[in-house]
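K.L.:
Residue numbers (the working numbering), protein chains in the order written: chain G, 1 to 436; chain C, 1001 to 1481.
BS3-like cross-link-like pairs, simulated, lysine-lysine; straight-line CA separation at most 27 Å:
no.	chain 1	residue 1	chain 2	residue 2
1	C	1334	G	333
2	G	327	C	1334
3	C	1025	G	123
4	G	295	G	348
5	C	1279	G	327
6	C	1016	C	1063
7	C	1017	C	1031
8	C	1031	G	123
9	C	1025	G	420
10	C	1302	C	1324
11	G	292	G	274
12	C	1031	G	110
13	G	327	C	1412
14	C	1025	C	1072
15	G	300	C	1132
16	G	257	G	274
17	G	417	C	1025
18	C	1378	C	1440
19	G	333	G	258
20	C	1462	C	1429
21	G	113	C	1031
22	G	384	C	1025
23	G	113	C	1412
24	G	110	C	1412
25	G	237	G	257
26	G	231	G	158
27	G	327	C	1281
28	G	384	C	1020
So the derived label-pair ranges between C-beta atoms look like this:
no.	chain 1	residue 1	chain 2	residue 2	range
29	G	421	C	1414	50 to 56 Å
30	C	1241	G	31	35 to 41 Å
31	C	1013	G	31	48 to 54 Å
32	G	319	C	1414	24 to 30 Å
33	G	417	C	1013	39 to 45 Å
34	G	120	C	1230	56 to 62 Å
What the hints contain is simulated information worked out from the structure, not anything from laboratory work. Glycine included, each C-beta is placed from N, C-alpha and C at the ideal position.
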Amino acid sequence: MKWDIPSLEELEDAVWKCTACGNCKTAYDFGPPPTYGEICPAGVEFGFDGNMASKGKIAFARGILDGQLTWTQDFVDAIYKCTICGGCQNQCELDHKPVIPEIIESMRRKAVKDGVGPMPTQKVIAQSMRSYNNPYQGPRRVRTDWTRPFKKAKNPIKNIMKKNAPILFYVGCTGAFNLPVRNFPVATASIFQKLGLDFGILGENEICCGSTAMRLGDVDEFKRVAETNMKTFKDLKDNHGVETIVTSCAGCYRAMKKDYSLAAEYEDCMDGLKIIHTTDFLFNYFKEGKIKFTKEVPWKVTYHDPCHTGRHLIDFDIDEDGSRQWKGSYLGKSEDNCLYDIPREMLKAIPGIDFREMGRIRSNSYCCGGGGGVMTGYGDWAAKNAGLRIQEGLDTGAEQMVSICPFCHYNLNEGSKRIKSDMKVYDLVELIDMAL
Amino acid sequence: MTEMSTESKIDSLITKKLCKIVGEKNATDMKHIRYAYSYDLSFVKPKLPDYVVMPTSVEQVQKIMEFANQEKISVTPFTAGTNIGGLCIPENGGILLDMKRMNNIIRIDEESHYTIIEPGVSHAKLASALAKYNLRWSWPVGPPSASVSSNAICHGIGGLSARYGLNSEEITSMEVVLPTGELVRVGSCAIQEDAWHSCLPLPRMDGLFTGWLGTTGIITKIGLRVHPVPPILKVFTASTQTLGHMASYLRTLGNYEICDDLTGVSWWLSQVPIPYPYKPKPDDAPEWISFATTFSWTEKEKQAREEIWRMVVDEETKNGSSLKETVYPEEALKARTQLPSQIVGSTKNYTKQAGAGISWPGTFTPLNKWEPVYDEWKKILTARNLSPSVRVTNYRGVHYGMLRAMIPFPKKDPASIENARQAIVECLKVDLDNGGIPYKPPVDFGVEINKRAHPGYVELLKRTKNMLDPNNIMNTGKLAL
Ligand SMILES: Cc1cc2nc3c(=O)[nH]c(=O)nc-3n(C[C@H](O)[C@H](O)[C@H](O)COP(=O)(O)OP(=O)(O)OC[C@H]3O[C@@H](n4cnc5c(N)ncnc54)[C@H](O)[C@@H]3O)c2cc1C
Ligand code: SF4
Ligand code: SF4
Chain G
1 MKWDIPSLEE LEDAVWKCTA CGNCKTAYDF GPPPTYGEIC PAGVEFGFDG
51 NMASKGKIAF ARGILDGQLT WTQDFVDAIY KCTICGGCQN QCELDHKPVI
101 PEIIESMRRK AVKDGVGPMP TQKVIAQSMR SYNNPYQGPR RVRTDWTRPF
151 KKAKNPIKNI MKKNAPILFY VGCTGAFNLP VRNFPVATAS IFQKLGLDFG
201 ILGENEICCG STAMRLGDVD EFKRVAETNM KTFKDLKDNH GVETIVTSCA
251 GCYRAMKKDY SLAAEYEDCM DGLKIIHTTD FLFNYFKEGK IKFTKEVPWK
301 VTYHDPCHTG RHLIDFDIDE DGSRQWKGSY LGKSEDNCLY DIPREMLKAI
351 PGIDFREMGR IRSNSYCCGG GGGVMTGYGD WAAKNAGLRI QEGLDTGAEQ
401 MVSICPFCHY NLNEGSKRIK SDMKVYDLVE LIDMAL
Chain C
1001 MTEMSTESKI DSLITKKLCK IVGEKNATDM KHIRYAYSYD LSFVKPKLPD
1051 YVVMPTSVEQ VQKIMEFANQ EKISVTPFTA GTNIGGLCIP ENGGILLDMK
1101 RMNNIIRIDE ESHYTIIEPG VSHAKLASAL AKYNLRWSWP VGPPSASVSS
1151 NAICHGIGGL SARYGLNSEE ITSMEVVLPT GELVRVGSCA IQEDAWHSCL
1201 PLPRMDGLFT GWLGTTGIIT KIGLRVHPVP PILKVFTAST QTLGHMASYL
1251 RTLGNYEICD DLTGVSWWLS QVPIPYPYKP KPDDAPEWIS FATTFSWTEK
1301 EKQAREEIWR MVVDEETKNG SSLKETVYPE EALKARTQLP SQIVGSTKNY
1351 TKQAGAGISW PGTFTPLNKW EPVYDEWKKI LTARNLSPSV RVTNYRGVHY
1401 GMLRAMIPFP KKDPASIENA RQAIVECLKV DLDNGGIPYK PPVDFGVEIN
1451 KRAHPGYVEL LKRTKNMLDP NNIMNTGKLA L
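Build the full structure now, drawing on both the sequences and the hints.
P.N.:
This is how it looks when you write it as structure tokens:
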């Protein structure tokens, strides 16, 4: 397949749009009342301006482009010390804003191409992807372990390759292989069954979406799995009656919606297929009155907005042909596709829920610290950062933190353990399943 | 492309010593980290520091300065580096002292209306903290992530400058580490440890550390006056065809002392963003637009302000002014009244079209000289295809105020940077010759100022600097002496 994934050199003009104003270093809103918060996990931990926000990352890009900076071990390390959360991006107002994560990832692609990236611990992921088609070194057959309770209860989940269904539940590697979050595919499938939906899974044939590889700059590995997936999806559409792909993983969702669209054949493979996050998917049933909560969940909960279902889905209005301001000018943004209100609305509708909001939310949500390969590359820092987020949740008086991303879920859990808090982390589907 | 001076030698023993003072994670000589501090928004040529150090306590700052002084290593302090004057670019390499981690708000005295903060406290942080007490500071239109104390010590200006003057006039006390490492205090906190309310009636020793072209000591704590926020905002907007008419209006209105901010902007600056390259103003658009920001406690007070404003408009019109009540573009008005502003702070309003660079001839100039200087600036700037995007603002009363042209340019292109630099220096000479004085100036400007200065003044500067900093380690090369 042909791909349009930009190199750092191709993004040079964008790099030179950054003024170094440092606006990206904090999340601030006039209000009233004014609100303020740290927004960059890397900045909070490492502190030097180079480590901090897009100001720092673009300085690195600029240094590479103008020949001042060449790879050293520490420099490569600094490029990977970023969760690619986009918190910084949300603060910037200049023309390079829409491509800030691309600038960061393009440096990683360059590092990989030059044979110096990713970091040694992250190389394990690449190796695992090649050997097991998932980043967790999980043998293929383990992928369906979570379905056992359904088999036992005589409600087995369809293998979509064998039995057609209009809905593919794309589970994702984290839910399938990562024990502490394995309850969330279970809860998702349980809700689907309670709703009487005709759905299936790829089972042992499911392979990684490629999100982690892409975030690490391993573009070849990303392309390999993305191409396989797109071909599989086309086959499912053409030959197995699939109309909708539902995924509970924010990373998979972003990859399929955004990263895959960089392929020339994207439309050909995906046209006619609806890709939707579980939360959004269930919301349609909720609106239609088909989800009726019958049980109480008497909890004090707060909600963590994952980056991948939040600001990563912001649509940027760019003057493509120069007719409105000038060619390439960033004109504004729309948060219509971000999953902000939907999870909150469903959460609040669950009887007994006492909802508490944190200070940094929605597009200014503070990243859990696990994305961009950080959880694998810098596990200790990832958990430390998650501890900060958990503390923010605790400060609201909440006892449970709910989210809609297995990655955040896992990392926040680690954070909670690290600060020895009693805060428990749940996926929204777990609460919905409990209340149904 | 960036031109960079050749690197001076890094001494790993020095790095080790610095690491010993502040911890391994807070000191480095790694080039990619140093590189990120080598440039700013301005035309000033990038230069690399040799070491970057982030202290977290006063004791650490003292130890760093003692060590630097002993080893004669240059030190350039930094909080966010957004001064638009290259002030944090280390002319002589050495230590870049990043103070952002000392960022505690030590006290907000809601009764006596002052705050004590550390240098790393940003406008964003202070704004959200003060709002809880319905208090405010004279917020600049800069990045909310920039430092409040750095703004104050550099004679910053903000949304209350027509009423209270410069932000340095709001300083009530300071704790400073001298270049030699000793800790000193100025203002009331020097006499009674816990009293941070006023610099007066003591000698104004805060002047030893404010307004220097390169700061002369490391501020570790600062006391600042803050003010209550009356609930009713009313902004009067008017336009004129000439700066002469605008200056007259601002002077007349300024006489009544009813405004928090009294500012006029040329058509080019009222555009979002500033047009780059220059584009002519439409014939039917007024050349000058002004906003006069007022806050009132009651409706009656607001009405009284309105009455005064009407009187001023009538008086100006009677005298033949082209003054007209007008609508200020909404986005631009928001940018002036909703401060601190994340949108303006991100430089969108200024540099978005040009790409990455801004510098200014920013000056304090008597009101009666605004028009002649502006007329010259306009010629200089348009000849170089740059927009005359000029702002004028009264500072507490009517005797002087800001006259500043915000000049965007594309950082990618050295010829365009040089074009802007030359234009700005030319503008500055005109202003200096008319009695204006540049603020937060890069070294290029310092040279022009000192060339014109009374020899006694330069000598006094030298002696004072020498007394504070006998080894000339702080901001080496910045004073253009
Ligand atoms: C778009 C834009 C608009 C702006 N508008 C305004 C405005 O309206 N009004 C205004 O006043 N400014 C304005 N500025 C300039 C600047 O943003 C502010 O003055 C800001 O508060 C400076 O803070 P900083 O942290 O960036 O300081 P820095 O640039 O980091 O430092 C400023 C100076 O202080 C020194 N310094 C820093 N910390 C210390 C310390 N602890 N002890 C001693 N010396 C120290 C530095 O060496 C340097 O000389 C604007 C800037 C931008 C980019
Ligand atoms: S990325 Fe944007 S907000 Fe950050 S320093 Fe650059 S221009 Fe400013
Ligand atoms: S993407 Fe997130 S972690 Fe990376 S620089 Fe931006 S705010 Fe920091």
